[in-house]
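The numbering of the sequence shown is numbering that gives the first Met the number 0, which starts it at 0 and goes up by one.
Keep in mind that the hints are not guaranteed to be accurate.
[Said to hold, decoys possible] Cross-link-like lysine-lysine pairs, in silico, PhoX-like; alpha carbons within 20 Å at most:
hint, residue 1, residue 2
1, K707, K668
2, K1149, K1126
3, K879, K857
4, K1070, K879
5, K882, K857
6, K879, K893
7, K883, K893
8, K668, K800
9, K690, K625
10, K882, K893
11, K331, K355
[As the list claims (entries may be wrong)] Ranges of calculated distance between the beta carbons of each label pair, as one might list FRET restraints:
hint, residue 1, residue 2, range
12, L261, H529, 53 to 59 Å
13, S270, T1167, 36 to 42 Å
14, H1042, I706, 22 to 28 Å
15, V43, S995, 25 to 31 Å
16, P359, G917, 45 to 51 Å
Think of the hints as simulated: they come from the structure by calculation, not from any bench. A quick note: this is a predicted structure, and the numbers were derived from the prediction, not measured. Note that CB positions come from ideal geometry on N, CA and C, so glycine has one too.
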Amino acid sequence: MKRSSVLQLLCSWAVMLALSSVPVDAQSVRGSMRGHVQDQSGAVVPGVSVTIRNTATGDNFSALSDERGAYAFPSINLGTYTLTTEVVGFKKAEVQGIVVEVGVPAIVDVTLEVGGSSEQVLVTAETLSSVNTVSSTLTNVINTRQVADLPLPTRNPVDLARLQIGVAVTGTDTRNASVGGLRGAATNVTQDGINAMDNFVKTSSFFAISAPSLASTEEFSVTVGTVGSDSGRGLAQVRMVTKSGTNELRGSVFWQHRNDNLNANSFFSNSSGTPRPPELQNWGGFAVGGPVWLPRLYDGRNRSFWFFSYEAFRENFAALRNRTVLTEPARKGIFRYTGADGQLQSVNLLEIGNAKAINPVTSAQLNAMPLPNNTEVGDGLNTAGYRFNVLGTDPSDKYVGRFDQELLQSQKWGYHKLEFVYNRAEFLLKPDTFNGIEAPFAGGANAYQSSVRTLMATAIHSTFGSRVTNEARFGHQRAPVGFLRDSAPKNPFFINLGSVTDYDNTFMSQGRNTLVYQFLDNLAVIRGTHTLRMGMDFQSISALTFNDAGIQPTINLGTNSANPDGIVNSSFPSLPAGATGTAIANRARSIFADITGFLGTATQTFNVASPTSGFVSGATRQRNFKQRMLALYLQDEWRLRRNMTFNYGLRWEWQGVPYESQGLAIQPKNGVAGLWGISGPGNLFSPGSLKGTAPTYLDFVNGDTGIKLYNNDWNNFAPFVGVAYQPLFGSGPLRRLFGSQGQSSIRAGFAVSYLQDGFTVVSNALGVGTTNPGLIQSSANNVPTGVLTSSGVPVPVPVFKMPVADADNMLLNFNNGLWTFDPNLRVPYVQQWSFGIEREVARGWVLEARYVGNHAIKVFRAVNYNEVNIFENGFLDEFKNAKKNLDINIANAKGSTFANNNLPGQVALPIFSTLLTGLSASSGFSNSTFVNNLNLGNVGATASTLAFSSTYRTNRANLAPNFFVVNPNAAFARVLTNSSFSNYNSLQVELRKRMSHGLYLQAGYTFSKALTDSEGSQSNLEDFRTLRDLRLDRHRASFDQTHRFISNFIYELPIGTGRRWLSSGITPLRKMIEGWQIGGIINWQTGGPVSIYSNRSTFNAANPGLNPAQLTGASFEQIRSAMGVYKTEQGVFFIDPNLLNVTVSPTTGKLTGATLKEGLLGAPAPGTFGNMPRNNITGPPFSQFDFSITKRTYYAERRNIELKVNFLNAFNHPNFAFTSVIFDDANFARISATRGGARIITFILSLNF
């Protein structure tokens, strides 16, 4: 569609919204209620006054039933309501306990009885149907009881998202779950309507960077399919809602405790005799809310409400470390070793080297290291280990506040209410042992992880009469994450020691701050049988990143060509011959350099501070990424008939092209064409055909240049259509099958949703490291002389040049390459569909079965055009000939060389000869890497080395420039494309029982299959197995889960006051037996897909780890049938041990190795891929039962003391983890890890009022 046409349509849409009212939120966190009014004969009753009242806040809303007896409240606050009806000639009806939840309409059909209006009929919501009869969207609500009463591993309520069918979870890792067989970017998480995701690294489905608090979360909904037009940016929708105050002061104070004495040990720790790791965690906090009340000044009941919660987490931890340090003699220069005669020898290094004194700069660091206390590392004579615990803390604090205020209630001007929510979460991990950036030794500089995240939402809810509602919402999310040093380096340089652990913590500060500003607006208008919803969602997202890595010079101690250390092997008496002696002498050289400060090299990384600054010493690498997005939607809920609702709508999404606002981004000047270099666009695998130009230049984009990364995508229209039909039959078998009104529903829907990735998809392609280098460059002084002094070693500032040629970058580092974007890159989208039947099988019990599928289209995938060529250039045949030469040379005792020695059967190798001419044997025909690759069949790796290594650069000029790859001036030539896809099909069955008679239950089963060609990553880079046949990459997705059963329940024991049994008796006994409750989560699922790979580059150099093994002596079915969990005395395996060669230590009896018996699997031949199907083996299953026991003791009507005990993995069942494996691995199919962890017990004590 032309841009002008799109703009005309958008302008028309905007005018329509303006004329209707103020626009509305596409991520509404409100609920709705609708239904019909009829008499006892089933005839509709129009003109009935229907009034609903929020029992907690006193909010009142009224409507009249229309000519079809229908009424609707399209946008109301969440909570519990009472509905009353009044009309002449009928008794007044009152329905109590109606729960309005986020994202799921409450359906309340009322049957009136003939009589006077002074008479009243009372109905409880327990008698209402729980069947969804109006919407095709697949949404479930995690309600307050589930959030509060189910056993949770953390206090993060989003962990409960795994309770939904259609969600595939690996173990208990809800954060990285897959919804509908899609990548993590397909999930949209909001908190109080505002974007709550990590918008920089958007690979985790259920990660809310806002860190929602369990104490402050009222409920949240999870949508897993056929998403309506009012929801966008993803298929899965998670909507969290913060608690609000009520007309009564309510609150709780809690303390939660967990320690290692309560926990069980893991399966493998028990097997090895390893004790439980220490653990001590405490949570504490409170939540309280009520009406605003100022004595004798203001009574805010029914008008003004407040809520506040605070939650603290405290943990002291110890991380065990074992560093390598010098022994006391070595610090003085005395080097010891075991001589060839078996005797202990010693040499004073200060007497044999070119430096004769201990260096004061390096000795200050070496002497600050403790002396060793173990010999588990090092040689035991000169270097050994120092084991110690790094002590740290991991505190976090969460603050949540909410304020609600009625602004105006007027028959003329309508009803208007203000909502304000503020969420703040503070995290500090000091030191950051998780990422290993703590001080190497006590007294050094630590690095820590810090984050202060805030989310704010302000909304105005408006109701105009009984048929128009509006919600305008503005929000802000701020999510800084910093990895910071706690002090600056003491020296103006780092010292890289060669023999021991560095004393310097060389980590330099880095981090990011992601900001979101969002405005949303939702308008709902009732017109006859239509409920129209329209609205917009605007977001401005930015991510400011910084990274100081490398900006401080690093001095590498050692030697160089201009600074010989003077140490020769003859200086060591009785030095063993061969590699052993060489290793001893090299170890001595390293220690000599460390104690004398002998200089080897010095390096430093330089960054540009602006497009005109050039390289600046000490400047950080800073980038500021930005993106703006706008969505408009229009949706209609059309009640065609009383028993049929038709939903349809259209959403338009614009996702602006991301950009770096400072202009610190570079791209190939001629875009994708530049990737092809000398070969020319599309001229793949054509050595000698030179239709392009070289070199390719990189230059600035974004900023003041006005150059975008790719073109805007304007025509992103997402339709939605769905139907909900209630079968109504007066009698007969169909009546028995479908029941009466409201007891069954047939729902079907189709929708399109657009997907949004994080900034890492862009940041990885904009001039970082070896990708499009030019804005960051490492410089080196390779020939410093003498020893280290306090002034350090000068490092030259590199010359800045822009534009910069890829050929020049290749000269600096043969790993440098190019990355750009398809200029017509589109926004990925997913088509989704569902068909299901829902039936109330008993009062409050609903059974639903549905088919759910989707197809993701134009999904991001970065691919590499520089696939190495071994076919058209004849290199494959030459590689095979080289292997023959090698075998003949070895058979004739000519050594490990593939040179042509004119022995019988040997042939000339013209390609190798051209490239290896003039080189030493170690770089040429006797090169150990080449020889190893010949033995393994790694023709692709060999070709890649010859194509890019600087060693062969001069001789490559004697071949066609594109002999091996299309662009010889780039190690890779990547482009971000829309070339990926996924398919998902599933059967989903769910049984639900709402809380009544003390029991709540939800149980679901999913049978599914997910296919894709790439699972995605932060960069979405995955080279195709080969560009010659893209279909080879189609496989079962790694997050596919064939079978999954998940259930959760809450059961209030029927004993004690007000219960069925033992409700009377003496007070102490009643208090003892009252308030007992149990809850649980039961999970069983099949394991994830597993593959057996060859790890050989037999076709090209792309992804050798994904090159399948070759089936030789067994069929795939035979291998698959042998896979399973086998527990033996030697260990646990995921294949029948009869197919393994198991070796054990003769002294300890412990497993030392397990290899697959020969002849079953092998490596593919050069020039082929293996034929073992990818991901067609299913890993070990997972099962876990989490259980909770709760005791509430009431000391007033609504006040109680609560003790809750959670048992996570209550039966301590080990769930074995097994991932893909290499066929010739030394521990083939050995299982050494578990998923989900051992049993954990937590205690929670609460005071509720």
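A quick look at each hint next to the structure:
| no. | hint | in the structure |
| --- | --- | --- |
| 1 | K707 with K668 | 12 Å, holds |
| 2 | K1149 with K1126 | 14 Å, holds |
| 3 | K879 with K857 | 40 Å, violated |
| 4 | K1070 with K879 | 84 Å, violated |
| 5 | K882 with K857 | 43 Å, violated |
| 6 | K879 with K893 | 19 Å, holds |
| 7 | K883 with K893 | 13 Å, holds |
| 8 | K668 with K800 | 14 Å, holds |
| 9 | K690 with K625 | 37 Å, violated |
| 10 | K882 with K893 | 14 Å, holds |
| 11 | K331 with K355 | 11 Å, holds |
| 12 | L261 with H529: 53 to 59 Å | 58 Å, holds |
| 13 | S270 with T1167: 36 to 42 Å | 41 Å, holds |
| 14 | H1042 with I706: 22 to 28 Å | 51 Å, violated |
| 15 | V43 with S995: 25 to 31 Å | 29 Å, holds |
| 16 | P359 with G917: 45 to 51 Å | 46 Å, holds |
Checked against the numbered hints given earlier, the structure breaks hints 3, 4, 5, 9 and 14 and satisfies all the rest.
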